[in-house]
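**Q** Listed below are the residues making up each chain.
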Amino acid sequence: MIIVLAACSTKPVPIEISSKPIEKPTLVLPPVDEINMRKLEWIVINEENVDAVIAQLAASGKPFAIYGLTGDGYAALGLNFSDIRALVQQQQAIIAAYEGYYQQAEQAMDNAVTQDKEE
Amino acid sequence: MRLAGILLVVIMVMGGIGYWYYTDTQARMAILQDNNAKLNIAVETNEAALESLQADYATAQNEISSLNAAYTSIRRQNQVLADKLQEIDLTAAAIANAESIERAVNRGTLNAGRCFELLSGAELNEKERNAENDIAFNKECPWLYDDYRARGLLNETSTD
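Residue numbers (our numbering), protein chains in the order written: chain A, 1 to 119; chain B, 1 to 160.
Next up, chain B with everything else stripped away, as it sits in the complex (with noise of 0.2 Å):
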């Protein structure tokens, strides 16, 4: 009989045990789920912050070729005036024909400055919206023709 008492404390107490372990375990795999599924997410955030970086990059990269081609093509424009002024002999020209050479510096101080009015953003005038090629726009930056046209704001009958 006392066996037997004993025995049904054993018992108890084992399934008691087996009881505790059983709820125990299922509470633990039920947060190592969890967790999983958390890093899983956490993972796929990763991969897309990298693919974000790795996009950035590349416009970056984009960006600096872009203004590398800019700068080429400032400094070539820059260089024309030079060029220009290599082939003329400005004190010559004054003695041949103060009045023409006047009249050219005049023309070309008019149209340096303008060239600064429409790189600060003025409008165009109606002689540059209807200018039918880039000399015709300004002889100083004909380079800013194309840039007005590729926006739509010359007239259309213009042409190269």
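In isolation and in its complexed conformation, chain A is listed as follows (with noise of 0.2 Å):
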């Protein structure tokens, strides 16, 4: 009765505590593919060079085949370039936040674990 009461009855049980930090392997990823961007010339036509222009490109023995843009859509085809620079931009911040994150966290986890052996 007076074991029991004084909680004598059973033995305390030993903690085990286990804790191993495990080398994360290190991620390499290749670079992207460098862009070499094809050249292309724009041809400006208004009312008064539209047959030199003609006669400029049958001296050059090329077919008369003409992709138009009118004024409004060439704006537009820059801006949509524009557009799609900025994305690239975007992506590539996202990226480098990415990777300053998970250096300092890499960074702060080694630091831990430093301390850790210290202690």
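Not one of these hints is a red herring.
Coverage of chain B stretches by chain A, computed from C-beta distances (three or more under 8 Å per stretch; other residues unrestricted):
no., region
1, 22 to 31
2, 35 to 47
3, 52 to 62
4, 69 to 77
5, 86 to 98
6, 118 to 125
Simulated from the structure, these hints should not be mistaken for lab results.
Even glycine gets a Cβ: it sits at the ideal position worked out from N, Cα and C.
Two chains, two frames, some hints: make the complex.
**A** Okay, here's the thing in structure tokens:
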């Protein structure tokens, strides 16, 4: 009765703590392919120079077939390209943010492990 | 005599119980001390984990702030062409001077294409390395000039 009241009926169980740092494999990704833009040439045609341009194309031996854009169409094309460029830049900024975050987190983890070992 | 024998047995039993109680208590105390030490370590580890999480949270907040700033900058850069096109009537310009506008759009297209090449990691050419300002660097993406300059990839003679 006395032993039970004194909470001595059972032996305390030893606590086992196990903490082992795991080395995360480094992710090494290849860089993106470099772009080499193809050369292209715009020909601006108005009422005045249309005959001269046709003659010039005929003289150079090229068949007369032109894909045309109006001034507004050209502006829209330029703005579309600008939007795509902004998208690329935003994606690059996101990748840089991830990179920065994980590098700093990795560094913090390494510091914590080093500190733990020193203690 | 019999009483003495009984007392001896009682004393021996009591002594045995006392010895058992002593050794058992010592063992319990040792385990409890050991547990206490382990719990202290566990608490310290938890505190370290908490600090690490707080640091990670602060890092994440910094990255989000930087990203938002970058987005603002990119949107402003993207607006530059739209603003420029608002000021120019391309149709009227083509009617007035087709040759001049042709040169301008071809140069602009070349520069815009070069911006993509640079964003993909292309090496700078001689003209870009020696550019004295952002406009001379590339009229379509002058903001890249500061970035390259900060990374020390431009020739030192370059100035603003």
